[in-house]
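2 protein chains.
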Amino acid sequence: MSTIIDVRTTYEAFANGADLSNLGEVEIYGWARTNRNSGQIGFIELHDGTAFKSIQVVYSNDTDNYDAVAHITTAAAVKVTGTLVMTPEMKQPFEIHAKTVELLGDVSEDYPLQKKRTSLEFLREIAYLRPRANTFQAVFRVRSVLAMAVHSFFQERGFVYVHTPEITGNDAEGAGSVFTISTEGTPHPYTDFFGTKASLTVSGQLHVEAFALAFKDVYTFGPTFRAEKSNTKRHASEFWMIEPEMAFTDLNGDMECIEACIKYCIRYVLEKCPDEMAFFSTWIEKGRMDQLNAVLNTPFTRMEYTDGIKLLQEAVKNGHKFDYNKIEWGMDLQSEHERYLTEEVVKGPTFLINYPKEIKAFYMRENDDGKTVAACDLLVPGEGEIVGGSQREERYDILKAKMDKLGNTQGLEWYLNLRKYGGCKHAGFGIGFDRLLMYITGIDNIRDTEPYPRTSNALKY
Amino acid sequence: MSTIIDVRTTYEAFANGADLSNLGEVEIYGWARTNRNSGQIGFIELHDGTAFKSIQVVYSNDTDNYDAVAHITTAAAVKVTGTLVMTPEMKQPFEIHAKTVELLGDVSEDYPLQKKRTSLEFLREIAYLRPRANTFQAVFRVRSVLAMAVHSFFQERGFVYVHTPEITGNDAEGAGSVFTISTEGTPHPYTDFFGTKASLTVSGQLHVEAFALAFKDVYTFGPTFRAEKSNTKRHASEFWMIEPEMAFTDLNGDMECIEACIKYCIRYVLEKCPDEMAFFSTWIEKGRMDQLNAVLNTPFTRMEYTDGIKLLQEAVKNGHKFDYNKIEWGMDLQSEHERYLTEEVVKGPTFLINYPKEIKAFYMRENDDGKTVAACDLLVPGEGEIVGGSQREERYDILKAKMDKLGNTQGLEWYLNLRKYGGCKHAGFGIGFDRLLMYITGIDNIRDTEPYPRTSNALKY
Numbered sequence: 028m029s030t031i032i033d034v035r036t037t038y039e040a041f042a043n044g045a046d047l048s049n050l051g052e053v054e055i056y057g058w059a060r061t062n063r064n065s066g067q068i069g070f071i072e073l074h075d076g077t078a079f080k081s082i083q084v085v086y087s088n089d090t091d092n093y094d095a096v097a098h099i100t101t102a103a104a105v106k107v108t109g110t111l112v113m114t115p116e117m118k119q120p121f122e123i124h125a126k127t128v129e130l131l132g133d134v135s136e137d138y139p140l141q142k143k144r145t146s147l148e149f150l151r152e153i154a155y156l157r158p159r160a161n162t163f164q165a166v167f168r169v170r171s172v173l174a175m176a177v178h179s180f181f182q183e184r185g186f187v188y189v190h191t192p193e194i195t196g197n198d199a200e201g202a203g204s205v206f207t208i209s210t211e212g213t214p215h216p217y218t219d220f221f222g223t224k225a226s227l228t229v230s231g232q233l234h235v236e237a238f239a240l241a242f243k244d245v246y247t248f249g250p251t252f253r254a255e256k257s258n259t260k261r262h263a264s265e266f267w268m269i270e271p272e273m274a275f276t277d278l279n280g281d282m283e284c285i286e287a288c289i290k291y292c293i294r295y296v297l298e299k300c301p302d303e304m305a306f307f308s309t310w311i312e313k314g315r316m317d318q319l320n321a322v323l324n325t326p327f328t329r330m331e332y333t334d335g336i337k338l339l340q341e342a343v344k345n346g347h348k349f350d351y352n353k354i355e356w357g358m359d360l361q362s363e364h365e366r367y368l369t370e371e372v373v374k375g376p377t378f379l380i381n382y383p384k385e386i387k388a389f390y391m392r393e394n395d396d397g398k399t400v401a402a403c404d405l406l407v408p409g410e411g412e413i414v415g416g417s418q419r420e421e422r423y424d425i426l427k428a429k430m431d432k433l434g435n436t437q438g439l440e441w442y443l444n445l446r447k448y449g450g451c452k453h454a455g456f457g458i459g460f461d462r463l464l465m466y467i468t469g470i471d472n473i474r475d476t477e478p479y480p481r482t483s484n485a486l487k488y
Numbered sequence: 028m029s030t031i032i033d034v035r036t037t038y039e040a041f042a043n044g045a046d047l048s049n050l051g052e053v054e055i056y057g058w059a060r061t062n063r064n065s066g067q068i069g070f071i072e073l074h075d076g077t078a079f080k081s082i083q084v085v086y087s088n089d090t091d092n093y094d095a096v097a098h099i100t101t102a103a104a105v106k107v108t109g110t111l112v113m114t115p116e117m118k119q120p121f122e123i124h125a126k127t128v129e130l131l132g133d134v135s136e137d138y139p140l141q142k143k144r145t146s147l148e149f150l151r152e153i154a155y156l157r158p159r160a161n162t163f164q165a166v167f168r169v170r171s172v173l174a175m176a177v178h179s180f181f182q183e184r185g186f187v188y189v190h191t192p193e194i195t196g197n198d199a200e201g202a203g204s205v206f207t208i209s210t211e212g213t214p215h216p217y218t219d220f221f222g223t224k225a226s227l228t229v230s231g232q233l234h235v236e237a238f239a240l241a242f243k244d245v246y247t248f249g250p251t252f253r254a255e256k257s258n259t260k261r262h263a264s265e266f267w268m269i270e271p272e273m274a275f276t277d278l279n280g281d282m283e284c285i286e287a288c289i290k291y292c293i294r295y296v297l298e299k300c301p302d303e304m305a306f307f308s309t310w311i312e313k314g315r316m317d318q319l320n321a322v323l324n325t326p327f328t329r330m331e332y333t334d335g336i337k338l339l340q341e342a343v344k345n346g347h348k349f350d351y352n353k354i355e356w357g358m359d360l361q362s363e364h365e366r367y368l369t370e371e372v373v374k375g376p377t378f379l380i381n382y383p384k385e386i387k388a389f390y391m392r393e394n395d396d397g398k399t400v401a402a403c404d405l406l407v408p409g410e411g412e413i414v415g416g417s418q419r420e421e422r423y424d425i426l427k428a429k430m431d432k433l434g435n436t437q438g439l440e441w442y443l444n445l446r447k448y449g450g451c452k453h454a455g456f457g458i459g460f461d462r463l464l465m466y467i468t469g470i471d472n473i474r475d476t477e478p479y480p481r482t483s484n485a486l487k488y
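Sequences listed follow chains A and B, in order. Counted from 1, the first sequence has number 145 at position 118 by this note's numbering; the numbering is strictly sequential. Counted from 1, the second sequence has number 224 at position 197 by this note's numbering; the numbering is strictly sequential.
No lab work stands behind these hints, which were simulated from the structure alone. The structure presented is a predicted model; accordingly, all values stated were derived computationally and were not measured. Hints are supplied without guarantee of correctness; some may be wrong.
Rough simulated footprint, nothing fancy, chain B against chain A, three-plus residues with beta-carbon under 8 Å [to be verified]:
#, region
1, 118-129
2, 189-195
3, 255-267
4, 286-294
The beta-carbon is built from N, C-alpha and C at its ideal position, and this holds for glycine as well.
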């Protein structure tokens, strides 16, 4: 009987000080990353997907069918039996001396991932194979671990996870174009199934507010959609959003939660994915880990929108050139303005707060000045905005007047009613999960953070 | 300065033996469940959504504005300050003696949840308010905890969580009708955005198989859609699915993982939600907790489909009446047949394995008998099928012949290619998350397990 091992648990056991020298015969399954040999001795870099690292398999004339093993090619699936041998004098702490190397799945000659180094653009065209490439081994493992960080953060704090619906009858947030849902082969494809027009959600916030008023602290975490043909590095048609909502909480409590959440997520990933983060820091964005560690030790700055505008105006006066150079109170900040504030002025994560009400959503709470709303955007160096939050308007009359003016009351009476039935102060925020992943990894195109990215004219897989 | 407390952490601290008698002034926010008084003394059952339990607030002539407090109605949002007083002689271990009770949000007279007992059908009509009702406090907290159980199970075992896409160009699984996605106001609404027809996913399996061949063990957990107008208690148009996939794994390994996963989830929920589970066991399905505990201690039975058919035929011969009474090899089992096997024959969770290939999906691995495929359905008492799994066909030629015959090769060349590029034995399964929740809670209508259920003609919120 041989012991079945994998790369992850073997490295973990080693790190925990376990004695691995007496395992007897071991058996491991994986794929050959490389295979090189010198006639007498050969080396297969065995990768099994359980860890960023590989294990070196050494074969020799003692190994069955040396010649066949020597012909195993990159990406072939193999089963190796042999002995785990400690190699304290080498870079890797152990290797496997193979008794047998069995080819389980060969690789046909048209395999597109032969080349050692390939561009991210090329890899994007083969979405179903790119998770095998180093960069995407790192990206998608961090994506998974980051998702777990999100759940752990909120569940440890007693938040209730709510699956808000993907299909919705209202697109009242007005967050841009929506996808419409229909059923083919019916006389009225848009309305036949649900009896009313249906679209894909742009946000679960309105739905989750109802749950905050029952469970106090809740969050959503699920897919969200935009039908915008914006062909930028930061936009996709389908992405995941995290939307927490907290009853009895104001804008300050909101910002405390955002800061704790972002720091928790960074710390969690740094701790669980040291190899992947070292890879990003070396190959994707130099010094990424140091920057993230610095963020952990910095209280996030809070800055009034009004003060931000003054700083931008001063910058222009002092000769700083923005593409959009006409800075005035009331404007919606462009990414270049946000990045100037967080990168040049504060040099760290920055909450911009209390925005003009005209440029923000109807559900945000109006401040006493009558001009601004209790909103906050979290801006981070290198990425710009990654979180948007606000205290919600809990006053029935003020909210109703706003919604009537916008003409979106119909279909949202229930949302208004929440203010009549034991309503209270509440606040929440939204984190674009894919953008958070871009921020943490340094990957600069959202298409390289999503397993099968969806953008206009891209639906190959 | 008063200490802000909530119901959950206060009960947790008490359970952990903390001394709560010296907290000084405490402050708590929540909603009045009930308010009764006798002129001299009054009691508010304060519920804050953080726990299934409430805290009793006692007010008296020592409390500010006794008369105003006495008029606070059910569901009103309140802030209470006072002292936490231990009550070892009472049912509840402590109560709050109020100094002040401040009304934060009143309740208008048309509040639909006045009545103490309301039917699940009635509550379904007010989806935005029903999370306040006891049953849904229990259901939706268990839903949240169960989702965390799923993530914990897979992440502890090193599985990588993959967000497979919701929008897809293929509906090749053939799992029923799909919703089509379009963009209004364009000449060709069905194809203009993506350049090809797009629909909502019915399964992430094909997409996630590609990731299993890179990461070995992976899982999806996300929304899935069916455009079927089946108006049953077990069908919804939108529901969440868990789809794990494991490389180098056969049907036996698949079943081991399913059994471990189901048991882990049950154990996790029983441990984290004792109050909620006690509620279900008393009010929704008598003895639910005992049945679940029994499942934890029982190895799941494995039964050949062929043997299942024989047992059903014998049952018919012995006078058992099924609605569909003509039992023959090759048939697709109805729910009544599945339940007979798991409830009457085995009296416990049962894997039915090796189904006729004609009634199962094209990607399942053909057994050597040429007639069956390496598939398993997990049947459980009271619910029927809750998991379906299979070993996948890894042999290129056999899979291609099957797909060519079905005519679904086009657009899925990449899926076939996985068999040419270091392919290997692999297996996976799918769990309907909402059905698993039904099974654990005893709730018998899927509409009562989803925050905002989507079925045909139901899109009110």
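key: Coverage of the region 118-129 of chain A by chain B, judged on three or more residues with CB within 8 Å   = Answer violated; 0 residues pass the 8 Å Cβ test.
query = In terms of beta carbon proximity below 8 Å, does the region 189-195 of chain A have 3 or more residues touching chain B?
reply = holds (count 7)
ask   = At a Cβ distance under 8 Å, does chain B reach at least three residues of the region 255-267 of chain A?
value = holds (count 4)
task = Take the region 286-294 of chain A, compare each residue's beta carbon with every beta carbon of chain B, and decide whether three or more fall closer than 8 Å.
result = With 0 residues in contact (Cβ-Cβ under 8 Å with chain B), the coverage given for the region 286-294 of chain A is violated.
Of the hints listed earlier, those the structure fails to meet are numbers 1 and 4, in rising order.
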